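Residue numbering for the sequence shown follows the numbering used here, starting at 820 and increasing by one per position.
What the hints contain is simulated information worked out from the structure, not anything from laboratory work.
It should be emphasised that the depicted structure is a prediction, and the values quoted were computed from it without experimental measurement.
Idealized CB from N, CA, C, for every residue including glycine.
Mixed in with the good hints there might be a few duds.
Label-pair ranges, simulated between beta-carbon atoms [what the hints assert, rightly or not]:
#: 1; residue 1: Ser1029; residue 2: Cys837; range: 25 to 33 Å
#: 2; residue 1: Asn1027; residue 2: Pro921; range: 20 to 28 Å
#: 3; residue 1: Gln872; residue 2: Ala918; range: 21 to 29 Å
#: 4; residue 1: Ile986; residue 2: Lys1011; range: 18 to 26 Å
#: 5; residue 1: Cys871; residue 2: Thr1053; range: 38 to 46 Å
#: 6; residue 1: Ala980; residue 2: Ala925; range: 24 to 32 Å
#: 7; residue 1: Val859; residue 2: Ser966; range: 33 to 41 Å
#: 8; residue 1: Glu1031; residue 2: Pro940; range: 43 to 51 Å
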Amino acid sequence: MASGERQLCRSQLVLEFCDTKPNNRTLLVYLMNPGAGVPVATAHIPIVTHACQIPQMAVWLPTIPDATQAQIVLLMEALDCGRAIVVNLTDVCEPDSSALGPRVTALANNTPRWDSLFHAPRHAELNNLLTAGPYVAMIGGWGALGSKQACLRDAASEVCARFPGIIGAPARSSYRNLGFRHPRPTAAGGPKRRYYGSWRKDVASLLNLSQESVAALSAEHTIDLLVDKNRIWTIDGNNSLNIDLSCASRPEGT
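Sequences are here, hints too, so could you generate the full structure?
Structural data, given as structure tokens:
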């Protein structure tokens, strides 16, 4: 990366139901971070000058999740989970998928590597996730992983090796079948309301859910209509948010 250039990084994101489902059931999700969901108070983000400082200076900050995490919340509700831990294959937050690979490669040139929990110097953090289980379910959603994303493929391989029970919606094609479809279509594909229900259905069909629950997740929800309008979440004070998880109403005859 260019000298002086800043890169927003995040290793994990935790989603919790504050009032409606206060239980210890936890969902573990591995994603390739889309780059959204920036902390509310960006001034509180610590600035590091070397990648090796990330583990020591990492802090938890209140964040408004993006549309991807909204899909995870629907799965949390269906699985009766009060909590979800979302882990990124790489710490790099980059909304432009075409720019993500070069940024990850630039950080990976550090010796030793520090930009991911799956690099050796940070295995203590990864082991904490292993010992924190068992999890209600483990879901992957990092996309197809292209030919120029070797660092991300290595991380995905390690996820599958360390968490053998992980499931996900299969990608149509991917390197060594490592790909799991991402919960949200790529920016190039544009917002596709039907995609969300399709993704949830494919994942739900691999989980221990009733046919009724799978059908409910497959249906179009209110949040599917709002994903690109920044109205998914409403502030509820004390670092809490409200979200409408109801199915979208349809006119009669449709």
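Status of each hint after checking the structure:
The given range of 25 to 33 Å is respected by serine 1029 and cysteine 837, whose C-beta atoms sit roughly 26 Å from each other. Between asparagine 1027 and proline 921 the beta carbon distance is about 40 Å. The supplied range of 20 to 28 Å is therefore violated. A hinted range of 21 to 29 Å for the beta carbons of glutamine 872 and alanine 918 is consistent with their spacing of about 23 Å. Taken as a hint, the range 18 to 26 Å holds for the pair isoleucine 986 and lysine 1011, whose Cβ atoms sit roughly 22 Å apart.
Between cysteine 871 and threonine 1053 the Cβ separation comes to about 39 Å, which falls inside the hinted range of 38 to 46 Å. Distance hint check for alanine 980 and alanine 925: the Cβ-Cβ separation is about 26 Å, which falls inside the suggested range of 24 to 32 Å. At about 37 Å, the CB distance of valine 859 to serine 966 agrees with the hint of 33 to 41 Å. For glutamate 1031 and proline 940, the Cβ-Cβ distance of about 46 Å falls inside the hinted range of 43 to 51 Å, so the restraint holds.
Of the numbered hints listed earlier, the single one contradicted by the structure is hint 2.
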